[in-house]
Amino acid sequence: MKETIKATLLTEEDIQRIITRLSHEILEKNRGTENLVLIGLRTRGAYLAERISNKIHEIENKEIPTGYLDVTFYRDDFRKRLKQPSVEISSIPFAIDDKNIVIIDDVLYTGRTVRAALDALMDYGRPARIYLVVLLDRGHRELPIRADLVGKSIPTSIGEEVRVRMKEADNEDTVLLVGIAE
Amino acid sequence: MLKSKHLLGLDGISREEIYTILDTARSFREIFDRPVKRVPTLQGQTVVNLFFEPSTRTRISFELAEKRLSADIVNFTSSASSVKKGETLIDTVRNIEAMKIDMVVVRHVSPGAPHLLSRVVNANVINAGDGGHEHPTQALLDMMTIREKLGNLEDLTIALVGDISHSRVSMSNIYGLRALGVRVIVCGPSTLIPREIEELGVEIYHNIDEIIPQVDVLNILRLQLERQRRGLFPSLREYHNYFGITRERLENASKPILIMHPGPMNRGVEISSDVADSEHSVILEQVTNGVAVRMAVLYLLAGGTSEIN
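From first to last, the protein sequence lines are chains A and B.
For the first sequence, numbering that gives the first Met the number 0 begins at 0 and goes up steadily by one.
For the second sequence, numbering that gives the first Met the number 0 begins at 0 and goes up steadily by one.
Source of the hints: derived by calculation from the structure; they are not laboratory data.
Treat the hints with caution; some may be incorrect.
[What the hints assert, rightly or not] Calculated pairs, DSS-like style, for lysine-lysine (alpha carbon to alpha carbon, straight line, at most 30 Å):
| no. | chain 1 | residue 1 | chain 2 | residue 2 |
| --- | --- | --- | --- | --- |
| 1 | A | LYS1 | B | LYS2 |
| 2 | A | LYS98 | B | LYS36 |
| 3 | A | LYS151 | A | LYS28 |
Given the sequences, and given the hints that come with them, work out the whole structure.
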């Protein structure tokens, strides 16, 4: 497997601007902060959720309950995987009944992670509604799922990978398009 | 990632594997606090619980773990006396396996029964206790509980107290803890400590009052009266006087000692009631963590098969 970096899709400044815009758009869509709850999907989606939560706090001066979800146990490709993903702890320390949940993830691809997240959230309670917000939409959906708010849409091919690198885990903020050759 | 497709014991397990199981168990522990305490991970997989020896706690714990992973379950219980060893055991399991099952959880009076099974069936085999040999999931839940309460296991001194000879819990604890490099003390009357156990890297003491000032954890083992031959110690009262963990004894500790017991307890024998119910006792947390650890083991073994085949 040989990897080549084909392009930088987003720089640190791009990511900052997108987070600011998405925070405003979330507030606009929800008409303020009432009943608003953020759920970040581990791992990178959780960092995004935290940043958006901080940004909304800056804008509205209100704390938004923010939780983190690991959907590994709900994945439909569990038996097909060769390597088990390492599981992280989910943490949703508040009731989600009747809340307006914003699911936040880094990349929207096949839609299977979001499907798993929806199933997982239903086990936590009955939210009033669920929005989906992603940093990047790279296409190739396999399920009827779409994002409500998108940072950036980028057409990609199947042989490519989108690498989101965030300071919390990778010491830098950047999104790369990587080509993978056998 | 686990190297083997079975969990037969902790003998030979690596520290990475132990931490993989403990970390995964911590993620499963969180599920118990949700309104729906179940995830669909093992949907469509069938697990058989084969209990050739009486068990309440372990059987219920495995069953709950399997249910919370959405597996299909078949329970098979049999008293030890009605099942002959060797061929009959293999035949029983081969027949059950012919009905297309994915995993077998087995408890048996004979040491090595799960190992024997693992050589003849394709399903994943999990040892739920084989005679006086090993009880790996119990040791893993002990480690999970200690880690949760005291943090880094590797800085601690952990004592296993009492009937070491007949205790599979102690064997698995010794293998697991020594794989992590933990200082392990065994303490009990010399008739209940196997010869040459120091070969496993443990320290041997016969006086309980000597170890109390230096340990962080006392894992108090049940006197396995049903396995013992007579005459290993004069009387239960004398055993209690010399080795029973009481509040007075614990007053000599230099710091609060975590009190553990794999159950079922003989109150007033190896442990006094006030110690069992004290604020430092984590006996019930052990039970809760047991379900999480077993979920982690089932999950990791189920996912690991594709790589091995």
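To see whether the hints hold, each was checked on the structure:
| no. | hint | result |
| --- | --- | --- |
| 1 | A:LYS1 x B:LYS2 | holds (27 Å) |
| 2 | A:LYS98 x B:LYS36 | holds (21 Å) |
| 3 | A:LYS151 x A:LYS28 | holds (18 Å) |
The structure shown violates none of the earlier numbered hints.
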